[in-house]
Amino acid sequence: MRWFAVPAALLAIAGLWLGLVVAPTDAQQGDAYRIIFIHVPAAWMSMFIYLVMAGWCAVSLTFNVRLSSMMAQALAPTGAMFTVVTLWTGALWGRPAWGTYWVWDARMTSELILLFLYLGYMALRHAIDEPRRADRASAILALVGAVNVPIIYFSVRWWNTLHQGATVTLTGPPKMAAVMLAAMLLMTFAGWFYAIAVTLIRVRAIILERERRAAWTTELAGAAR
Amino acid sequence: MNLADFFAMGGYGFYVWGAYVVTAALIAIETVAVRWRLRAAREAARTGEK
Chain A
4 MRWFAVPAAL LAIAGLWLGL VVAPTDAQQG DAYRIIFIHV PAAWMSMFIY LVMAGWCAVS
64 LTFNVRLSSM MAQALAPTGA MFTVVTLWTG ALWGRPAWGT YWVWDARMTS ELILLFLYLG
124 YMALRHAIDE PRRADRASAI LALVGAVNVP IIYFSVRWWN TLHQGATVTL TGPPKMAAVM
184 LAAMLLMTFA GWFYAIAVTL IRVRAIILER ERRAAWTTEL AGAAR
Chain B
518 MNLADFFAMG GYGFYVWGAY VVTAALIAIE TVAVRWRLRA AREAARTGEK
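As you go down the protein sequences, you meet chains A and B in turn.
Using this note's numbering, the first residue of the first sequence is number 4, and each one after it goes up by one.
Using this note's numbering, the first residue of the second sequence is number 518, and each one after it goes up by one.
Source of the hints: derived by calculation from the structure; they are not laboratory data.
We treat Cβ as the ideally placed atom computed from N, Cα and C, and that holds for glycine.
There may be inaccurate statements among the hints.
Stated by the list, open to error - Okay, the calculated bits of chain B under chain A, using three or more residues with CB under 8 Å as the criterion:
#, stretch
1, 522 to 530
2, 539 to 547
3, 554 to 561
Same shape as in the complex, but just chain B (with noise of 0.2 Å):
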């Protein structure tokens, strides 16, 4: 199997890649905004702003 037919997916390429794509993105998008909302928690805690 060659790179391009993995990325045709059998025609099914846009339903099965948007599917994993979106999906992924959503998990980056969690992960980097729980981070942040810590770090933010985090330096209110320290700095004792309000």
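Excised from the complex, chain A in its bound form (with noise of 0.2 Å):
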């Protein structure tokens, strides 16, 4: 764990400096696009955290392996936290440049759904007493809701939103000084770390709370007869 807790906490605090020290006032938008340094990077984490969730799902679902539920259940609350940060903080930042917190337009609106998404996916494993139920039918809901992470992903193209359109692509130079580009990957690989710190933590804990409940489970059984 402290293998990514430490180059986490180092990555942020460079970002971090980076980002509210060192890079200029824009401008434009003065500084409040500072924002940008937390709210794009908790972006790509709510998505990304989607897709790997959904591929632990998908694997659950093919071959019937309980780990990989459990490293998606454990994976689940972080992506949640992530897409409230993004919900957060953009709504901070739509304030002073767009002069509203929120408005529906497709971006936000898909992003909003991957919160319910990740939500309804919890709520689910929640309702349901039986491990091995819970699982195929989170991980179904999960697979279903993966159609919603490319259409918040390409949004700004299909439609015609508010939010503006892709600063850094994979595919060109991103339109944004070297310094800002420098800090916002600094905490993008801050949050890769994190969430898989926190991620591994949370499901060694899924486990044995799943060993003990197989194990009560037997011993009822046992008790029973």
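Fit chain to chain and form the complex, with the hints in mind.
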């Protein structure tokens, strides 16, 4: 865990230093733009974690591997946390940039749906007592919901949104200053390491919880006999 | 640049710090919560509590 938590902290410190102190004030947006250093990495994480979670769900459905369900289960709260951060920082950025905290445009609405997918996944797991049934049902929900991720990503291209288009893409040179890009990437790597660290701790807890539950069920069955 | 300017964020302090502080708080809460969860799970596994 330390192997992920320590790099996460160091990368975040470096990213915050570059983003808040070194990077210059933006000519158009003033210092309000500095929200980007959390907002964009958090938004990437919220989508990326969902895809990883859906991937584990696909593995659990196909090969019936219990550990992959537990990995998906361990990722969901962290994904939901990043989604809340994305929506919250987006609202605080939208107010100075567009004059409104929220509009129902395609980007923002689909990101809100992502939050409901995470919460729905967790609620469904919680609602089903039998772990194997919970694995299957929640995996199906997660996989169906995965169509929302490309919708979020391409929403700014497919629809005319108030939300701006992509500044950084995989295909072309980024349309931002190098120091700003560096700060954003450092924060993104910090987010990855953080997510791995927290998920690995949570999955250990989940494994113990399920083992105990299984042992208890066997005991009960034994006693009944 | 002095400290007061830094916290003022060119007049956008409320928005910028509102974003950073709440994010930091959420991360702190998640970190503590996940550690508690693991500790509770270990404790339960050790004592064999149902």
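Violations among the numbered hints: none
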